Structures are given as C-alpha cells and as structure tokens.
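Below are the chains, spelled out letter by letter.
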Amino acid sequence: MTTYMDIISLLILVSSFVLVANKKQTSYIKTFRIQSFLIALSMAAIGFRHFQQNGRIDAFILCALIIGLKVIYIPNLLNKTYDKVEHKVEKDFYLNIPILTLLACGIAVFVYFIVTGIGQFDNRDITMQVVNMVSVVLIGIFFMITRKKAIGQIVGFLVVENGIFGTAMFAAEGMPLIVDIGIFIDLLTGVLIMGLMVFRINDKFDSINTNKLKKLKG
Amino acid sequence: MKFIYLAVPVVIVILLLFIKKRKFIYELGISASLLEMLITLSITADAVSGGQASFKMSLGIFYLDSFSIIVLDIITILGFLIHIFSVGYMERDCKSGKIDEKQVRLFFILLNAFIFTMILSVSVKNMGIMWVAIEATTLASVFLVGFYNKRESLEAAWKYIIICSVGIAMAFLGIVFLHLSSTGVLTHEHQFLNFTDLTVNAANLDSSMLKFAFMFILVGFGTKVGFAPLHTWLPAAHSQAPSPVSAMLSGVLLNSAMYGIIRTFTIVNINLGNSVFAGRLMIFFGIFSIAIAAIVILTQREYKSLLAYSSIEHMGIIALAVGIFTPASVFAGLMHIINHSFTKSMLFLSTGSILQKYHTAKISRIKGILKTMPVSGTVFILGLLAIAGTPPFGIFACEWNVLLSIFNEHHFVTGSIAAVLFAVIFAGIVHCLFSMFYGETPETIEPGEPNKSGAVVLIVLFVIVLAAGLYMPDFLFNLLSNASDVIMGEI
Amino acid sequence: MIYIILQLIIIIGLAPLMNGIIRKIKAISQKRKGASVFQMYYDISKLMRKDMVVSDTASWIYTAAPYVVFGSTVAAALLVPVCATEGWLNSAFMGGDALVFLYTLALGRFFLMLAGLDTGSTFGGMGSSREGLISSLLEPSMLIGLFTLGLASGSLSISRMMAESTAKAVPVLNPAYIVIFIVMIIVLLAETCRIPVDDPATHLELTMVHEAMILEYSGRQLALMELAASVKQLIIMTLIVNMFFPITFALPAGAAGVALAILLYAARVMLLSVLIGIVEVCTVKLRFFSVPNLAAIAFILALFGFVNYFVLGR
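Residue numbers (the working numbering), protein chains in the order written: chain Z, 1 to 218; chain R, 219 to 709; chain X, 710 to 1023.
So that you can see chain Z by itself, here it is in the shape it has in the complex:
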C-alpha cells in the first residue's frame, strides 16, 4: 500500500513537471486531467482501505466527486472556453522550457530539504508523499507566475488546489468530509467565475493575455 501511494504521489509530481514543460494551452488541460485522475486513483485506494476497516464510504464519495468535477467537467469547461476565445497560437511563457523545468526541479529539491527538517516527519511512511505534494503546490504557483495567458493561470490555480488536496489526502487521509465538500463547492464556483472573467477579458482586451492587464499600478 505504501509503495502504491508512493508511486502515485511521484507520478502526480511528474505530471506537474510535464505541465511546466507543456507548450500548448490544450495540453495544459490534458495534463491537468491526467493529474486529477491520478489523485482520484489514490483516493480510491484510501476508500478501499477505509471500507475494509470500518465500512465507511466517505472516500468513495470524494473519489466520485473528483472524477466528476476535475477529470470530466472542469477540463471540458476549460476546453470550451479555449475554443471560444483563442484563435491563434502564441508563445505563452517568459523563459524557455528547459530552464523552466530545471527551476521547477530546484523547487522540488528545496521542498525536500525543508519538509524533511520538520520533526514529526522523521521516519514516517508519508514523508515522501507529503514532500511530493507540497512540491506540486509550489510548482503550480511557479507555473502561474511564468505563464501569460489567463487559461494557463486557471490551470495553475487548479494544480495548486490539486496539490493541496493531495497533501491532505496523503498526509491525513483527507480532511473531515464536510470540509472536503465545501472545498469542492468553492473550487467549482471559483473556476466558473474565472471562466466567465476570461470571456469578459477577451471582450474588453481582444486577448486573454494577462500581460495586457497592467494599467493599475502602485
């Protein structure tokens, strides 16, 4: 079980590297879908364990929610948004990709050293999973900083959210159910609002390049 969780967490981290190395906005969405699916897989594993131990099905509910929302609904929504607003392919990043991936790797190594310094994590099975998930969070933020387009930023936000959800899941086998459901509601409304904002920005600025949003300073 531990090994299985280790691998899933590592693959989630790898998927966030792939995200940083992606060039097209459609492939961001695809990568996000894969990452969410991996998270759903590990949630399902936790669900099985809980079910065997005491017959609880919370984790299965969450797993279904993840698949419904993050694997199917939100990526489709983003794809639809993309189809409507984006008509030409443009470069979407500030630095070139090898440098981006190397910096992302630096972040992950940094997290290794920070998290392994926390006392409670010594000699525990979950250390590596937590390290990987916290790295996903920071890489998500890094991804948001280095992309110009609004869709990239939304995907970055979703990846940050995935990472945090993953941290909760791997470290504590999830938060209390009511909190998790609240998070999903927030996430869904957040993405809907951001999607709507993308349309409006596209209307007013003729582009979803957030570089053009720099009138307000100071």
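Because the hints were derived from the structure by calculation, they are not lab data.
It should be emphasised that the depicted structure is a prediction, and the values quoted were computed from it without experimental measurement.
Glycine residues also receive a C-beta, built at the ideal position from the N, C-alpha and C atoms.
One thing to keep in mind: the hints can contain errors.
Claimed, not checked - Cut-off 30 Å, straight-line C-alpha distance, at most; resulting in silico cross-link-like pairs (DSBU-like, lysine-lysine):
| no. | chain 1 | residue 1 | chain 2 | residue 2 |
| --- | --- | --- | --- | --- |
| 1 | Z | Lys88 | R | Lys368 |
| 2 | R | Lys316 | Z | Lys215 |
| 3 | Z | Lys204 | R | Lys368 |
| 4 | X | Lys994 | Z | Lys88 |
| 5 | X | Lys994 | Z | Lys30 |
| 6 | R | Lys368 | Z | Lys215 |
| 7 | R | Lys313 | Z | Lys204 |
| 8 | R | Lys585 | Z | Lys215 |
| 9 | Z | Lys84 | Z | Lys148 |
| 10 | X | Lys735 | Z | Lys23 |
| 11 | R | Lys320 | Z | Lys84 |
| 12 | Z | Lys214 | R | Lys241 |
| 13 | Z | Lys91 | X | Lys735 |
| 14 | X | Lys735 | Z | Lys30 |
To be verified - Taking CB as the label site, the calculated pair distances span:
| no. | chain 1 | residue 1 | chain 2 | residue 2 | range |
| --- | --- | --- | --- | --- | --- |
| 15 | X | Ile956 | R | Val403 | 44 to 52 Å |
| 16 | Z | Lys84 | X | Ser927 | 32 to 40 Å |
| 17 | Z | Lys84 | R | Leu235 | 25 to 33 Å |
| 18 | X | Val879 | Z | Asn76 | 48 to 56 Å |
| 19 | Z | Gln53 | R | Phe221 | 32 to 40 Å |
| 20 | Z | Thr2 | R | Glu407 | 20 to 28 Å |
| 21 | Z | Thr2 | R | His628 | 46 to 54 Å |
| 22 | Z | Thr2 | X | Ile956 | 21 to 29 Å |
| 23 | Z | Tyr94 | X | Leu972 | 50 to 58 Å |
| 24 | X | Ile956 | R | Thr414 | 54 to 62 Å |
| 25 | R | Leu277 | Z | Phe60 | 26 to 34 Å |
| 26 | Z | Lys88 | R | Ser314 | 36 to 44 Å |
| 27 | R | Ile635 | X | Leu842 | 38 to 46 Å |
| 28 | X | Gly928 | Z | Lys88 | 49 to 57 Å |
Chain Z is already provided as a structure; the job is to place chains R and X on it using the hints.
Here is chains R and X on its own, set in the frame of chain Z:
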C-alpha cells in the same frame, strides 16, 4: 437559536432572485440587514450582561465567543449602514445610466452573499469551514469589484481573484498541517480542526508542524488581509470597486481574514509557551506593511488607492499590536479593529459621494469639496484626520496604546520605527489629500449632496467614530477585555 | 566463458530481428503488408557481399570507424548480463561496470561522429553535430539514472544492480525505479534514433541524424554500421528489461534453466520492441530545437529519482 442570523442573508438572496421591482429590492435589503443587526446586537447584549464571565455560545459547528462577537457586530452594523448608503448610490448610478436595473438586483444579491460568507467565517469553530467561508468571500465579491465592467475594473477583479485564491490556497495547506499536528491528540472526528479543541489541547500538539502550519496560514490569510508584499490586489480592488463595496472590503473583509490568523496565533503561542516565534513573524509583517504603505502614500495620485494603502497600514498596526502579545497591546489591537472599520468605511462611503459628483478618481482634478458638498466634505476631512491619527478620535487612542505597550515590552527599535512611520503617514495624507478641500469648484459641478440618505449614514458613522474616541462604555470595555483574554489563550 | 559466447551470439543474432518487428508494427499501423521481420538479415547478408565505394577525400578514420563502432558496441554488449541464471550473475565474468559500459558506447559514438565529418560532405557534418548535441544532452540523464540504481545496490556493477532489482518484488513499482524507467525509455528512443528525436526511415536531408552520418558508407562497412546500431539498440533494451523486469536471474542453473532464460529474454525484448513500435506510431517527430526540452525532462526525472533515493533512502 440565535444562530438564525446566519439564515437571514441566505433567505434574502433567494428572495431577491424572484423580485424584479427596484423599490422592493431596496426595502427588502434594508429591512433584512436591520434584522440581522438587531439579532447580533441582542447576542452581544447577552454576552455583556454576564459581567466579567467569558461568554460562549455553541451549536454543532457554529460557535461564538467575545472575540467573534466583536467582528460579527462590525460586519452586521456596517452591513446595515452600507445597505442604506448603497440604495442612494445605486439609485443615482441607475439614473445617470451607468448601470441598468438588472445590475442593481445583481448588486444586492452579491452584497448579501458577501455578507453571508463573512458572518459564516466568524461564527464557525472548524478551521476548515472557516477557510471555505473566507475563500467564498473572494468568490462572492469578485463581481462586485468588477461591477462596472470597464477595463480597469476587470483587471482589478482578475488580480483580486487570482492572487487571493492562490493565497488562500496556501492557508489551506497551513490548515492541513494544523490538522496533522493534532494527529494522536484529537481522537474524535467531530473534534478535528476545531480551534476550541485545538486550544484546549494546544500544549500536546506537535510544535515543529504547528510552526510550519502557522507560517502557511499567516502568508495565506495574510494575502487576504493585505500584508505587504502580498498586498498588490488590494489597492486595485479598492479603487475600482463601487464605493459601498470598497467600504465593505476595507472595513469588514480584512477583519474576517485577520480573525483567522489570530485564532491560529493563539494556538501556536500556547503550544510554544511564548510568543517569540509567531509574534516576531506578526511584528515583521506588521512593520513591513506599515513601511510600504507609508512610502506609497507619500506619492499617491488617486484618493481611493490612497485610502486602500491606509488600510494596509492599519492592518499592519493590528498585526503589530497582536504580535506584541501582552494584554494591553491585544486590547489596543481589538479596539483598533473596531475604530479602523468604522472610520475607513465612513471615508470610503464619502469618496462614493465625491466620485459621483466629480466623476474622477484623480486627486489633482478635485477642488473645493467643502463648498460643494458640506456634509460629505466635512465628514471626509474629519475622517482623514481621524485615520491619520489625530486626537480626539479613536484611532489616535489606539495607536498611542499600541506604541505604549511596545515600549513597555522594551521593543525600542520596533517602537521607534513604528512611531516615525505613523508620522510619515500623517504627513503623506495631509500633503496629498488636503488640496481637495479648498480652492474653486469647477463650474460644471453644481453644489449639493448626491446621496441624501447616504449623508445621514455618514453622519451616524461620524458620531460613532467620535464617540469611540471620547468615551468607552463599560460594556464595551468588558467585551474587549474578555476578547483579549480569549486571544491570550483562555477558552 | 561459454556463457559469454552464448550471450554474444544471442545479442548479435537477435538484434536485427528487433528492427524487423518495429518496422512490421509500423507497416501494420499503415495498413501495409510490410517487409518480413527477417528483412534486415537479408539486407546485411546482401551488403556483406557487395563492393565498397570509398570517397577520395576519406582518411584512415573513415575506414577504421565501422570496425571501431562495431567492436566497441559488441564490447559493451559483453558487460551486460543478458540471460544469466542464478549462479552466473554473480560470477567473475559478469562484473561489468556501468561507467565502462557507458563510455565504451560513447567511444563508438565518437568514431561514428568523426566518420561523419571525415568525408567532408555537408550532410555528414550536420548529422555529426546533431548527434553530438543529442548525446551530450542525454548523457547526464543516463549517468544519473545508473548512479541511482547503483546507490540502491551499493555498487556500480551492472550485474549487482540487476541482482538488487531481482531481490525486490516488482522493481518497477518502486518510486525511484519508476522514474529511472521513464528516463531509460527516453534515452532508448534518443540513442537509437527513434521517432521523437530522429526518424530512422527518412532520408530527408533536413531531419536525419543517424542516417546522415552513415550516408557515405556502402557494402561491408555499411553492413557493420547498421548491425552496430541495432546491437546498441538491443543492449539498451536488455538493460531496461533486465533492470526493471528481471525474471530470469532467479532461474536454476543448468541447461533447462538456460534455455528457459533465453526464451523469456527473447519474449521480453520482443514485447518491448512492439511497445517501441507503438510509441513510434503514436508520436510525431519533434522539431530539432525541441529536443532539449525532452532532454530536460529526462534529466529532471533522473535527478528526481536520485534525490528521492538519496534524501529519503527508499
């Protein structure tokens, strides 16, 4: 059963979805917020009638004590006053063709949803739910910030939602670590993440994990509070939002995010036995925010952004006061929360009147407010004096008490820096804004108040601010000292 | 000693078959009948019988290169246990060192590049410079990957690494191993001039890398070059299957065991080449300037496996 006040805004939002007539919308909004205010005031009356004994009220995940009551009262009282002001404001915008009927309805729906998320965030004891509510405040208010749908307001709204969502996400990471630090200590599922249970068992939590958790929560909720250097969304959002919303953001929203930080702060301090680690972080963010605000205020050209930076400064002062962590400083910090909320809302509301009269946000294009708008102008100038820290207003007393408690703790360097920065900010505000009041009014502008009911609100707020500086009633003193006991760790 | 000879025969004998399988897969995906899987054997035997044409400007390097390339590749093949059974893996013959292995292959590549430059033709030079770039970008990933496996087994000997993975239940399902596995697949595709990096079937001037370097060769020399390339491909495939899916090392010694080991080995590499064929069909060739991105990902994954193992010891 008094938790019924939580249901009021929800009911209003649902009703507003079906009501089309503008007049009904106004009446419904005002009466509902009045009802909310009355319920919370009656809870407050319960709380203070018990004398010195600390007050607690709890139902399922809901929970209120003296500290949350203070923040809750601010939300509902300002919610009521801002509702009244918004009616006049929206009416005028609607008549001048800036917005249409549909948007008026949307405004009140979102405003009530916003109020609901804020009162929810201060009346739960589960940190997870609190996080959900604070994240929901962002979502509810983002369209209020981008309400005018212009380029600038869209930009502000985009910045607001992106920066705040990510920041708040960091806070959630902190909450996950908070939960982890309690593994093995809290055993029942219904205890998980409750700050009451965490405070009771604080001494047994895992310290290194808790430190980590506090750092993330401070940075995360700190984004929402507007600590420098995470403040960049704040001036943009405050300057682009309609003025009643700016008043709401500055006077109310920042407090509820601060509330989350202070709750964690208490737990960490009990666990570590002193306030060195967490207190220093708070003091650092406090001083840094004050310093950034001081520098920017000196060179500001738009009056609403200037007030936004002043909010950053005051949040810094509150963080500083709480970070010092003596009973006196925490008391002063709580008093500051109250004073700042009322004063800053009053200022933002009066800028609403000014904006509707002059149609510009630039300081340099505005002359002769005192002549054009006697009420708003007078309130604005006196409010500026209050916010800059002039006696006899409440802010002065608070800043004075904060400085005193800093020096009492022998933090001489911190204290002197803070004192110098207060002086710089005072000079900055006077230097930048006082040119607005005098001089010849441009001929195109006719004198008179644009918002009659709004003027009444301004006067009421001004009376509150003045009274708070001159006199502190016993019940308020008791409430504040109970709340500061709560923050100091008595549950 | 017998084992060494056996291993040599198996590797050289099987190598062209892998190319045949990959081509067959591609042909099937294009709804062609395609050449027989043994086509490369016929090609090589045909080339062996043909005359050579050597350019006037070519120096001795041109003549020596095929022999050096073939020789070094075969030497590298000797360092990798192919289908050893229980006792043989730990015998003295099988102490192949990972660094020696890598740099023996690098020697071959070096001569290949020199040969490309030697005739002075434009394509040869272009191919050499591209090969140089690709291999220098991918070398660190492969090195770090092997180092990580070395850390896990406490030795840089390839056979020790394989013994270590035999001791694990399902080696590829270990966090450090799974990333190294991905790295190795990328390295395999790049080193053997497979599609995301280079197209082995093309003779289009602008895109070819490996074909450009051996463009001038003919006859016996070309046969050697082609054979060396396919042997190299098989070695790396062997490394992957034996490192990540070791099943033969636990078999008992003896004739029956050896026979079973050879069969299992052949089955696994064939499966892997089918997989490679499918990957080739599914992906498109990268722009040459995008190859560094792929290399960066491979490098980071390798580094990641390393840090993972090193910091957490698991």
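Structure-based check of all given hints:
no. : hint                            : verdict
1   : Z:Lys88 x R:Lys368              : holds (25 Å)
2   : R:Lys316 x Z:Lys215             : holds (22 Å)
3   : Z:Lys204 x R:Lys368             : holds (8 Å)
4   : X:Lys994 x Z:Lys88              : holds (22 Å)
5   : X:Lys994 x Z:Lys30              : holds (20 Å)
6   : R:Lys368 x Z:Lys215             : holds (12 Å)
7   : R:Lys313 x Z:Lys204             : holds (25 Å)
8   : R:Lys585 x Z:Lys215             : holds (25 Å)
9   : Z:Lys84 x Z:Lys148              : holds (18 Å)
10  : X:Lys735 x Z:Lys23              : holds (28 Å)
11  : R:Lys320 x Z:Lys84              : holds (26 Å)
12  : Z:Lys214 x R:Lys241             : violated (39 Å)
13  : Z:Lys91 x X:Lys735              : violated (33 Å)
14  : X:Lys735 x Z:Lys30              : holds (26 Å)
15  : X:Ile956 x R:Val403: 44 to 52 Å : holds (48 Å)
16  : Z:Lys84 x X:Ser927: 32 to 40 Å  : violated (58 Å)
17  : Z:Lys84 x R:Leu235: 25 to 33 Å  : holds (27 Å)
18  : X:Val879 x Z:Asn76: 48 to 56 Å  : violated (35 Å)
19  : Z:Gln53 x R:Phe221: 32 to 40 Å  : holds (35 Å)
20  : Z:Thr2 x R:Glu407: 20 to 28 Å   : holds (24 Å)
21  : Z:Thr2 x R:His628: 46 to 54 Å   : holds (51 Å)
22  : Z:Thr2 x X:Ile956: 21 to 29 Å   : holds (24 Å)
23  : Z:Tyr94 x X:Leu972: 50 to 58 Å  : holds (54 Å)
24  : X:Ile956 x R:Thr414: 54 to 62 Å : holds (58 Å)
25  : R:Leu277 x Z:Phe60: 26 to 34 Å  : holds (30 Å)
26  : Z:Lys88 x R:Ser314: 36 to 44 Å  : holds (39 Å)
27  : R:Ile635 x X:Leu842: 38 to 46 Å : violated (56 Å)
28  : X:Gly928 x Z:Lys88: 49 to 57 Å  : holds (52 Å)
Hints 12, 13, 16, 18 and 27, counting from the list given before, are not met by this structure.
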